[in-house]
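Chains as they are written, first to last, in my numbering: chain A, 1 to 404; chain L, 1001 to 1279.
Take these hints with a grain of salt, some might be off.
[As the list claims (entries may be wrong)] Only pairs whose alpha carbons sit at most 25 Å apart, straight line, appear in this in silico DSS-like list of lysine-lysine:
(1) L:K1249 x A:K365
(2) L:K1062 x A:K332
(3) L:K1062 x L:K1156
These are calculated hints, taken from the structure and not from any lab test.
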Amino acid sequence: MEGIKVIIETCTGCGLCLRACPYQAIELREKKAWITDKCILCGACVEVCPWKAIVIAGWKPLPKEDLSRYRGICVVAEHRFGKLSPVVPEIVGAALALKGQFKSAPRFVSALLIGTGVKTLVEDLFAYGVDEVWLLDKSGIDPFAEDILAELAVRAIRERKPEIVLGGGTVMGRSLLPRIAAKLRTGLTADCTELTIDPETELLRQTRPAFGGNIMATILCESSRPQMATVRHKVMKPASKEMGRTGRIVELDYKVPKSDFEILEFVEDTSQKIDLTEADFIVSGGRGLGDPKNFSYIEELARVIGGTVGASRAAVDAGWIPYPHQVGQTGKTVNPKIYIACGISGAVQHQVGMKGSDVIIAINKDPNAPIFTIAHYGIVGDLFQVIPELIRQIRSRESGEGAS
Amino acid sequence: MREAPPGGKLPMKVAVCIKQVPGTTEVQVNPDTGTLMREGVEAIINPFDLYALEEGIRLKEKYGGAVTVLSMGPPQVESAIREAISYGADEGVMISDRSFAGSDTLATASTLAATLRILGPFDVILMGRQAIDGDTGQVGPETAEHLGIPHVTEVKMIEGIEGNRITLHRMLEHGYLRLRAPLPILLTVVKEINTPRPASFKGKLRARQVPIKILRAQDLELSPEIVGLSGSPTRVVRVFTPPRPTGGKVFTGEPKEAVENLLRTLEEAGIPLKCRNGS
Ligand SMILES: Cc1cc2nc3c(=O)[nH]c(=O)nc-3n(C[C@H](O)[C@H](O)[C@H](O)COP(=O)(O)OP(=O)(O)OC[C@H]3O[C@@H](n4cnc5c(N)ncnc54)[C@H](O)[C@@H]3O)c2cc1C
Ligand SMILES: Nc1ncnc2c1ncn2[C@@H]1O[C@H](COP(=O)(O)O)[C@@H](O)[C@H]1O
Chain A
1 MEGIKVIIET CTGCGLCLRA CPYQAIELRE KKAWITDKCI LCGACVEVCP
51 WKAIVIAGWK PLPKEDLSRY RGICVVAEHR FGKLSPVVPE IVGAALALKG
101 QFKSAPRFVS ALLIGTGVKT LVEDLFAYGV DEVWLLDKSG IDPFAEDILA
151 ELAVRAIRER KPEIVLGGGT VMGRSLLPRI AAKLRTGLTA DCTELTIDPE
201 TELLRQTRPA FGGNIMATIL CESSRPQMAT VRHKVMKPAS KEMGRTGRIV
251 ELDYKVPKSD FEILEFVEDT SQKIDLTEAD FIVSGGRGLG DPKNFSYIEE
301 LARVIGGTVG ASRAAVDAGW IPYPHQVGQT GKTVNPKIYI ACGISGAVQH
351 QVGMKGSDVI IAINKDPNAP IFTIAHYGIV GDLFQVIPEL IRQIRSRESG
401 EGAS
Chain L
1001 MREAPPGGKL PMKVAVCIKQ VPGTTEVQVN PDTGTLMREG VEAIINPFDL
1051 YALEEGIRLK EKYGGAVTVL SMGPPQVESA IREAISYGAD EGVMISDRSF
1101 AGSDTLATAS TLAATLRILG PFDVILMGRQ AIDGDTGQVG PETAEHLGIP
1151 HVTEVKMIEG IEGNRITLHR MLEHGYLRLR APLPILLTVV KEINTPRPAS
1201 FKGKLRARQV PIKILRAQDL ELSPEIVGLS GSPTRVVRVF TPPRPTGGKV
1251 FTGEPKEAVE NLLRTLEEAG IPLKCRNGS
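Turn these sequences into a full structure, and let the hints guide you.
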């Protein structure tokens, strides 16, 4: 190939470039990379080679002016079992908000939808307000086969050049997007809670909690594209859905590679039915309960307000309640509308998992417990008296008898 | 890739990547670079990485082989590596060079991948689901991509290995996925996967004596542009402490009265606690 060269002495035959090449234009010949004439000089191999063994004459890592070739915001439309993931409307909402912040030129919001039999989701994506759907609907794409999803997504991104790519802060998103970012050798900011466009540079300002939420960091990705981020679930306001909206469909037609994975089964986990991360109301218990059977207080209150049971690590470690209930740094991060912490001191490791709750209510007999510094409302008192009283009054209010 | 002897044990070459993190969240930030200052804070092994290590030791016990622990960071990561050896790792490698400072996940992953390639090939590479300081969970998948091998995140169980295929349970929202994948593979693990054992007396003795291999930038033959700050596409431009609510309305006194006040205040604020479940 003209212009591109493999330095035979430095090439180790590691094969990374073979996988990086979106056009299957590299082969191994006598344990060295060999560039065939399918090559279009995209430079993916140059970027990926750790040994600097591939050079393109005059090629430099993305000169500044080239950044402007990237335009628009692309949302990775995660889906499972024929439905969009609940995080998708939130990311679309975030993307639409960003779109309005560009002053220099209008931007489009696109959704990248890859899968088998996913065409039916296009309508939903338009209803949420995306301008374009980049659709790859072909047989043989398991929604869990991340290896091929990453490859196909990279191909689409290289071709369509969005300046921003957003994905969900879900298990899949936080596994797939790093894979994509590394293939593209660009930056990725994990689990963002705030995204804005810098009015001057029009760069994406990505803000995320680090150190378990004790500090916030704003991060830029200045000299590589796209700028990529995963978005924490339940933080951004979801886009409103208006059926009947339409947009442009861009059909992608790539050959689907074979996945390395053999997906055997998805096992619905009843112990995970307590889906804390989706719950709107959570009642959590800690060491203050003193005894496993006292979790019945928590369960009862949760039942009354239609909530889910959470716990501190102390309660989990004591074996009072299984680990899936644990909230905090080594447990789940939750963002309910109301979080009621009962008999929980509010150690930072616990706080980081629940600080994002809209309203925090603490019940603790120690007025100096740190939980009160982050609680919006609190009762200082013995939970064994307060909780039954709370249940009684909530019920009597409901039946219209007033609070007496 | 090595073939498993039919029906026999597959000697496993296992690598575990551990990160040393501050044991406290009282962190300080370097105002010039926006990077974290780790000096003077007690350091621990990232809690999730202990599960990765335990799983590595279990693989070795089941299939034979050896566990190599690696950690990238300033010279004090040596203590984390020695601690890992006291739990049962066979050898330790420290990846330390001034030029690695300021690495983001992409640069860290490039560096780890280069190390793994030089020391390997490994059959299984284990990492924690995320580090409790950066909380990104990106280093695992990005390292796998640089190595050109598959990865699976949030692994809660290794069912077994047959020939060159490993069967796994992966946690997902609302359940878990059973899947089979080829070796070599990179896995990130969650707490459910096992209960780490305590250090043995023998392990502690070994940990004190065993030499730790040190790899510098030049040993990895990585070009300077892809490591450290210059190899990091992301740049932290601002670090701040989130505004803390300075405590809210707290009600004291008799439970009955306190509860009445709480419910009234909530209702006035438009967030009534309602009975949502019949009686
Ligand atoms: C690396 C690391 C990770 C961690 N991860 C997590 C995590 O994910 N989640 C987590 O929760 N913790 C985590 N922790 C532990 C955390 O530091 C605390 O130890 C833990 O949260 C304390 O739980 P607690 O509040 O239930 O117990 P305690 O701190 O013992 O608090 C009990 C509280 O109950 C109150 N109380 C007692 N009796 C009553 C009563 N009758 N009525 C009312 N109040 C009463 C007391 O005043 C006290 O404030 C982690 C720690 C480390 C080091
Ligand atoms: N500097 C490092 N040295 C070794 N392993 C690391 C390092 N940084 C991250 N890791 C591994 O990558 C995992 C995820 O880290 P992170 O992506 O930073 O959340 C950790 O649990 C470690 O197993």
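Comparing the hints with the structure gives:
Between the alpha carbons of K1249 (chain L) and K365 (chain A) the distance comes to roughly 15 Å, so the proposed pair stays at or under 25 Å and holds. At roughly 31 Å between alpha-carbon atoms, K1062 (chain L) and K332 (chain A) are farther apart than 25 Å, so this suggested pair is violated. A C-alpha spacing of about 17 Å is found between K1062 (chain L) and K1156 (chain L), which places the hinted pair at or below 25 Å, so the restraint holds.
The earlier numbered hint that this structure contradicts is number 2, and it is the only one.
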